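> Chains as they are written, first to last, in our numbering: chain A, 698 to 1023; chain B, 698 to 1023.
Keep in mind that the hints were calculated from the coordinates and are not lab data. A hint or two may mislead.
Since the list can't tell identical chains apart, any single copy or any two copies may satisfy a pair.
Keeping only pairs whose Cα atoms sit at most 30 Å apart, straight-line, the calculated DSSO-like set for lysine-lysine is [said to hold, decoys possible]: (1) 910 <-> 795; (2) 699 <-> 838; (3) 893 <-> 874; (4) 840 <-> 795; (5) 840 <-> 874; (6) 840 <-> 701.
Computed from a prediction, not measured in an experiment: that's the story for all the values here.
Number of protein chains: 2
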Amino acid sequence: MKDKIRIAVIGYGNLGKGVEKAVKQNPDIELQAIFTRRNPADIDSNNSNLVHISKVNEYKEKIDVMILCGGSATDLGEQGPIMAAHFNTIDSFDTHAKIPQYFNKMDSVSKSAKTVSLISTGWDPGLFSLNRLLGQVVLPKGKDYTFWGKGVSQGHSDAIRRIKGVKGGIQYTVPIKETLEKVRNGENADFTTREKHERVCYVVPEEGADLNKIEQEIKNMPNYFVDYNTTVNFISEEELKEKHSGMPHGGFVIRSGKTEGGVNQMMEFSLKLESNPEFTSSVLVAYARAVNRFAKEGRTGAITVLDVPFAYLSPKSGSELRKELL
Amino acid sequence: MKDKIRIAVIGYGNLGKGVEKAVKQNPDIELQAIFTRRNPADIDSNNSNLVHISKVNEYKEKIDVMILCGGSATDLGEQGPIMAAHFNTIDSFDTHAKIPQYFNKMDSVSKSAKTVSLISTGWDPGLFSLNRLLGQVVLPKGKDYTFWGKGVSQGHSDAIRRIKGVKGGIQYTVPIKETLEKVRNGENADFTTREKHERVCYVVPEEGADLNKIEQEIKNMPNYFVDYNTTVNFISEEELKEKHSGMPHGGFVIRSGKTEGGVNQMMEFSLKLESNPEFTSSVLVAYARAVNRFAKEGRTGAITVLDVPFAYLSPKSGSELRKELL
């Protein structure tokens, strides 16, 4: 039997917990530790995998791949390069505009340290990026469309919760069906922001708050809501907890193209996820196999999902895969 | 400016003609020749790319990648190894059961000749295989479903045309919508052949033929029709030509899985193609870039789509792709 791939996680939020779950479905992968900035005993004294982050360097020889489960906005920019100096890493860095800069930093650190760092994986960036690329190369004459949802946007939910008089709330991004159908029918038009997605908010107001004022403030918020048709629903705290504590998400990447002579050809990839973080974690764990294999081959530096052959994501051999999947 | 990738084609059927069209949409790729067993002047004296197959060896230094556009049943088993001994090759070998054996043969020839041979690309095997693999690695607890159509099945159309009293005809494979919806709703059931697809035939009978006999013969044909609900429509030769000379196809690969604790997660990839051969050819041309790049890196032997990073399919640099697509 082959040695198991030894992974560890930094950060015990939704993503870290998702990795902990995903490992249970992948018998060739073993979770060695979950590093946290908090006191492990305060989190869960029954979880023997929890280790304080100060001990991470003691694990240098015990971990094949470190999965960085912090957020792009606050953690990864700093944590990524520090960890890549000691470990092979995977992360889900998703601040699109800063990816080139983050890649260069991680590449330089990893090359010096002779490690491999796979950045920006998950589903977007990640599986959606792969499908955008595939669409463009197979159908060079065509258009890409990405729709997100129906799903919870953390950023927009946070924006609602910062409003005065709001006790709690959540925001769903919803793709507009009519536009999705137009794309699928090969119309190849350009659509405005408003035509592609709508925003649906569920808001718990504080007692005595001015509901009309809250609604107007949400609907007119620049960048976040003003360019969309937004619906605001006021609900109770109980209802928020009961009906809106899941983290569903998903979306569609569509390539609508034409081969020569105007022949319509359509490619579509879609996800419908009951748990966005658990799915993202499952993607990270599959890509841990690839990072381990790149490292075993002696490659170093930063890579992305675009650099990884799919065969590297599987525990099966090339001949098994060819027999079963082609 | 980078040198263009020089390709050639063997076989001037639907697939070869599709490659000829696809090259027009890919300015970094240049078509050097289309080799045919027929007399080029008999096919099209205005097409200066047509060359008799007997001259193929004169092109050894002029071609980076040879695209084999013959069929699996009759041509590729023999032609593949002969060509791989002299050229980097791509083919769409699709006799599923014989793929492992064909791979081994191509691998051995290519390794000796220091060439690269990418076998079994297109959409199934090909893009569908990639999506089946992706589904399995990201959601190890789940089920795969592949539906084909609506599209023309060449094998089934041929079977109809062999029946006595049939002058012409075509067969469409049609996925059954209700079953597709059940899969999308996460039912994770097993479905029979009959529940997944139906078969719709358009038949031109010879004058005076026994229509009832033809219909029964089709519906009861073992392997091809007996396990399906089959509809037989009799039409005129004009109608066949007018309404059924396109070659549409498509299909769906769905992975319906669960992350730990029974959380439903769904991945779907689908194609809706007005021209099956032109789309397949477009896939072959994109993969020609990857074969050329593998060869330039000094790799040899047989590979499949599972071994190719998507970045290799694009004429763009890694940094352009990261900036535009992640």
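> All the hints need checking, so say for each whether the structure fits it.
Hint check results:
no., hint, in the structure
1, 910 <-> 795, "neither (35 Å within a copy, 69 Å between copies)"
2, 699 <-> 838, "between (46 Å within a copy, 21 Å between copies)"
3, 893 <-> 874, "both (8 Å within a copy, 26 Å between copies)"
4, 840 <-> 795, "within (24 Å within a copy, 37 Å between copies)"
5, 840 <-> 874, "both (18 Å within a copy, 27 Å between copies)"
6, 840 <-> 701, "between (43 Å within a copy, 25 Å between copies)"
Consistency with the previously given hints fails for number 1 only.
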